[in-house]
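Enquirer: Each chain, letter by letter, is given below.
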Amino acid sequence: MIAVMLVLSVAAFSQTKKVTGSVISKTSMAPLAGVSVTAGDKTVVTDSAGRFSIDVAAGKTMQLSFVGMNTVTFTVTKATQTVSFAMEDASNDLNQIVVTGYTSERKKDLTGAVTVVKMDDIKDIPEGNAMKALQGRVPGLFISSNGNLNGDVGVTMRGITTLNSNNPLYIIDGIPTQRGLQEINQSDIESIQVLRDASAASIYGSRAAAGVIIITTKTGKKGRTRIDFDVSASSQYFNSKLQPLNTQQHGQAYWQAAVNDGQDPNNNGIYTYDWNKDYSNPVLNKVIIPQYVDGAKTMLSANTRWFDEISQNSVLQSYNLSVSTGTDHGSTLFSVGFYDNNGIIKSSNDTKVTARFNSDFSFFNNRLKVGENFAATYMNDVILPIGDIFLLSQIENPIIPVHTVTGGWGGPVAGMDDRQNPVRLIEQNQQNHNNFLRLFGNAYVDLAILPNLHFKSSVGVDVAGNYFRSIQLPYTSGFLSSPITQANTSFDDEGTFSWHNTLNYDLNIKKHSLNVLVGEEQVKDKNQNFGGSGQGLTLANINYAYLSSATNTILVNGAGSGDALLSYFGKVNYTYDNKYLASVTLRDDGSSKFGSNNSYGLFPAYSLGWRLSQEGFVKKALPMVSDFKLRYGWGQTGNQNIANNATQTLYRSIYGTDITWNFNQGTAYNISGSGTGSLPSGFTPIQSGNPNLKWETTTQSNIGLDFGLFNNKITGSVDYFVKTTTDILINPPYLAVLGQGGNTWFNGASLRNKGIEAIVSYKGNITRDLSFNLTGNIASYRNKVLYLPSDVLTGYAGNGTTQTVLGRSVNSLYGYVAQGLFTSKADLDNSPTQPGKGLGRIKYADLNGDGVIDNNDQKFIGKADPDFTYGLNVSLSYKNFDLSFFLQGVQGGLEYNNYKYLTDFTSLAPGSNWGVRTLDAWTVQNPKSTIPALTLVNANNEGRYSSYFLESASYLKLRNVQLAYNLKNISGFKKLQRARVYIQASNLFKFKSKSNTMPDPENPFSAYPIPVIATIGANISL
Amino acid sequence: MKNIIYTTVFFACIMFASCKKYLNETPQGVIFTQNLSTPANVDAQVIACYSSLGNDHYYSPWSSMWAFGSIRSGDAYKGGGGPGDISEFHAYEVFNINNPTLGPGDQTWYQLYVGIAYCNSALNLISGMTDQQYPNKLQRTAEVRFLRGHFYFLLKILFNHIPWIDETIPKTTYDTVSNVSFTSDALWTKIENDFSFASANLPVTQTDLGRATKGAAQAYLAKALIYHAYTQDNSNNVTGVDLTKMAQVNTMCDSVINSNVYSLMPDFADNFLPQYRNNPEAVFAIQYSKNDGTPQGRVDAGHCLDYPMDGEYGCCGFHVPSDNLVNAFKTDANGLPMFNTFNTNDVVPTGDYTTNTFDPRLDHTAAIPGHPYKYQTDLVYQGSWARQPQSYGYLLSLKEVVNYRDPSFQRFPPFMSSSKNWAIIRYSDVLLMKAEALIEMGQQDQALPLINQVRQRTGNSTALLVKADGTPTSNYKIGKYQPGVNCTWTQDFARQALRFERRLEFAMEGYRFFDLVRWGIAADYLNSYFAVEQTRTPHLAGASFTKGRDEYLPISQNQINFSKGLYKQNAGW
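Sequences listed follow chains A and B, in order.
Per the numbering used here, the first sequence runs over residues 1 to 1022.
Per the numbering used here, the second sequence runs over residues 1 to 573.
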């Protein structure tokens, strides 16, 4: 919506004259300092009272621009003398400046599919990662996350682009990085722009295939000194637990399973049963639980609720303070943030301290600008085996007490699985911390060779290091024990140096507007690591557990690697009469990862736009249309995300590896036969090189339209895309005869995604005081594997020969079809041969009709891709209150419910605890149940990949609800620039399909549970 | 204006003047192909071939073969935490639910070909060296071919039809070599060729005790030939015995015996105690080590599940002697095995090892409640040490484990094992292979002293089988075969005696199943075993051996798929 503009006073002058004015914010009604007022080649900036004065000729246009506000354009007439403007927050404005890669454009000139995130909607969500809060808010952008404290997420844009990493490229203040946003203070982010299609992203060439997300951090505003303080505190809890059996119930399920097997249930070492001993019509009178679990009488029988033992309601705190100032000659912002997240798993913690210093200085009448953006992030995480702890809390037997009678650790006894006590895992690991430090920033110089010709050079440095020190403590826990006390220390660092130079030329002649950009960029990555461990510590104490304290079994390791990119690029934007838009991009990228024949890849793109709403005939015929733009874009982007030296055949000496869970990969051998001492070592191929490797290329076409109706009350856009990735780099499983190091990268697969995305906003007022804003979006894509070399087909779903993933989604699921249970003797007798079949057992479909259930009776039984994803944001504003809520959902698609191993079976993990669903399993007496009869022996191989485990992945979540009150208009707060308090909740409700038996369809199995987060917070600005 | 142009050009030059070398990245911490061809590195590659001998893991234990040859033979139950704990091994044990998608078969296949690939690579490197550069050329070639023969031997007895890849085949054509390119007969010949070459070119002794010797190669050649000698048709039926090959077996065994390098250890126990590593009975053994600078030592990881569940150990109770096996150790009044009646009364539930008499090898082989564990009179094995008695009873295997106080014991929680060597061929095997060859050749009388030599040693192996009070752990009685006195030594009887002797001598050592298949009796033997043993333990419910199929593991579906159908599935699968 165009800003409200009032012409207060009129006077008659000709030629150049002085125009004075003042600018306020429409929202706060406070004077706006630092607004750039441009007329011709003159630019002035408003002072702290929002006032300005500028020389301008009548008939010329004046432009007022301010970051975060809609740009105001005003034509000076002979009468103009003093003017007053109220600028509006830029939420959905066509003049909004959008950073599109080494340069910026007005939103109305955009020809690519670009989404500008409304930071207001997400800025107070304390998830520790701005991307997490974006789930469902940007059509086509899918965020997969769990409750993991450090906030790491998976991001896919417009479906799966490649079979490698699908994480997008982040451009933070112009510096490319593929590290996640959890390492950036959310409060420092001024804007997030998501470049969804290739015509927008291809200027970033080689790494842009999976999408580009541009982050701009805050800077000081001209003419204003400001202190911002944000504080919030949250309470977190997990509201949907799995229901494992209690001690009594576990005994009951065991009894049923044993009786079903025709075995004496009393032959189990723990429980004794009072029952009628009639296997054909069994009746259980009583489960007798022994006083002690173990023969040595150290563990009293318990009824431990393991999840309760490892979880807690926890507190999350976040504080941010920023100080900024700006003058005509530069601006400065300094911010510090503190984030402390105590997870819902006991002792888990993530503490994050961030600091940022952004500044810029102008010289020679603004012709030379020098600046820097610099951020430091320190994160400290307690490193717990979270996956194990969470899983164990579901499967540890409830009869095991947390502690023995003497205060030792409870643990498994004979007849149980060798599972660790999850409380012990917490207690004995809570002293282990990872320290992460990232220094990230850039320094730049921007020289106006001419007012419309800029040379810009920017040097970026990104260094991230982890220092992890831990102690492994000895324990005895049931029959599990370890006498080892071991100190471990490791350090790894990853550094990126980047440098880019651009020349940017603007030309506006009459109705023609031209922008030309040429540039060059070089990026060098290096990483290295080393680690050590040692045993024989005199004190089993983290404060002593340094490598130098070790007296035996001292081991070291270390490695390093690097890669480089060298790129040239250019872009031309052309606009005619604000109606016809065109843009051409070309980028030539060289990568060290490819052989010299193929090291360079050329990534072209073009796009066209037509603003129909500017055409007279449209204006006349459709007056309700305030904006209407058709866009078409085509472009190519690349991917090089593979091992650094994949073109070469390489070998390595591997002295020995950790053998606990894996084969010894070592090439050393005790050839002397002495049984000890240092060994001679051979070497092993680690990969087979492919000198012909080249870039993976994603070609994308996007057709879109942006519209605004009824004076932009309703705005929106719709995009349809076809994205085809060819020459996908794959490193498939290979024929065993090739041996170690037979793995080779090659350009093999092709994938296509077709999809449609729409976003619509409606802004309105019900009364003068009550306004609302609805934004809904929906996105859908269909994935298809176009090509896979026949060698690698078996690496994907299907049988690799007659049934392959070709022509299907790469997320296709392949397996047996479970057709319910065998419920009658006749049913059993008349069914095909199926080893292990029996009453109450799962019946599998004889798909090939040969009368035998075997490997050939598998087919494609679904796909994991959702039919569509959607989000709906509603914000209401009434006087000083703001209420918003955000719903996000996924519809369609199947997911494999790993939990069913435990919730539905006693045979797949017979020594573990099971779920309460087992109590409702099929028996002759309970013939309607669909849960297979309990058994202790999985003779029917029911753990096989079958439709029994597939469940609908659909869900709808109330992601966020927030109520805020603006104190600014209350006396006592009037001097503040901002004073706001709010309460909010994240993940408060969810709805899922009835057929889905898992606690959270978004988070299958043992990842960190996604908690409900209730927050109270305040934003204050001086 | 000129200045502006110059400035622009200047900046443009800065931008585009970057040098090409910018993209040259040298791989870090790696060895390149061109670095390999030095005598030192060729020697190192030979070490890599040896390293594959012991690089196995509990999920695919090819060093000892217990999961393939012991629990499939009626000698042992899988053990562990119930049938679901490594359910693939359960499928192997009961046969009827085995299928081509199970992981251990695929992994073992892969890992053995890793060893073969090391060997082929080493052979190519060696052949690129001149005798001057590399004086050990011939000997190292022989060692590598010995090792390759070993890996192929294991593949052959597991999978029958396997692709033969040697150093003459370029890597680029590996995908054209089918598992049926060669007949079973031709494959055996190729394996025998490797061992022949090795036996012709290896020294009688080696300074490095881990290296293959002439005796090891001759013994292994005998082993390959004795399998080869029982001819099989395409449905795994044994159709006859090739006496020419049996004669070669006899000759090879003679060479080993006459070398005077090898002998039986005085006490059977010595073979399974770490302090006797590289003893004269160990014709070829995998060398394990600890305190060697590797994270947990290069220990016997393949056996790491086989320890009991008491506080001193704690995991994982796999590899449990069957009741049938324990009963087989019963002896009659003459101290001879009870070929046909041993299994009539089950001694295991009674826990009574004094009323009957037993072959002393019982207590070297099986951990029994109330009996000292691993010869430690103060470490008595308890029923409570069993992992899952409701499924697998209370026994456990002993040969592969060590006393926890032994210096070779190594923990890698939750698992543990030791640096005790594991013999692939013991001298008693050489004696019994010779005996078998002679019996099949109708010279059973000459076989008799060989079998008796083994039994004689067993009789001398009771010193360590005592309780804390010095009394014998069980009631031992073992006698020699004395034709005319306690037996009639016909060919059939001798064959029965030989086969029974092999069972008792090598029980739980991993090869029993392959003996049964070789002799062509697997189906009958195992189905009879299941019929009785199913009444003793619940976990064998449904177990049955399908003749013409279960003699070999199926070719992994993965490998058939990766080969695009070039590999053909085994008979019956």
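In short, the hints are calculated from the structure, not lab data.
Note that the structure is predicted; figures quoted are calculated from it, not measured.
Fair warning: there could be bad hints in the mix.
[Unchecked claim] List of simulated lysine-lysine pairs, DSS-like, C-alpha gap at most 30 Å:
#1 A/Lys713 x A/Lys42
#2 A/Lys619 x A/Lys510
#3 A/Lys78 x A/Lys763
#4 A/Lys859 x A/Lys754
#5 A/Lys994 x A/Lys784
#6 B/Lys568 x A/Lys837
#7 A/Lys837 x A/Lys784
#8 A/Lys526 x B/Lys374
#9 A/Lys511 x A/Lys277
#10 A/Lys928 x A/Lys975
#11 A/Lys837 x A/Lys60
#12 A/Lys928 x A/Lys713
#13 A/Lys825 x B/Lys547
#14 A/Lys784 x A/Lys879
#15 A/Lys297 x B/Lys568
#16 A/Lys837 x A/Lys928
#17 A/Lys78 x A/Lys123
#18 A/Lys277 x A/Lys859
#19 A/Lys968 x A/Lys123
#20 A/Lys297 x A/Lys713
#21 A/Lys859 x B/Lys21
#22 A/Lys837 x B/Lys171
#23 B/Lys547 x A/Lys524
#24 A/Lys297 x B/Lys374
#25 A/Lys968 x A/Lys763
#26 A/Lys277 x A/Lys369
#27 A/Lys784 x B/Lys374
#28 B/Lys467 x A/Lys859
Enquirer: Could you work out which earlier hints the structure fails to respect and list their numbers in ascending sequence?
Expert: The structure conflicts with hints 1, 3, 7, 8, 9, 10, 11, 12, 14, 15, 17, 18, 20, 21, 22, 23, 26, 27, 28, although it agrees with all the remaining ones.
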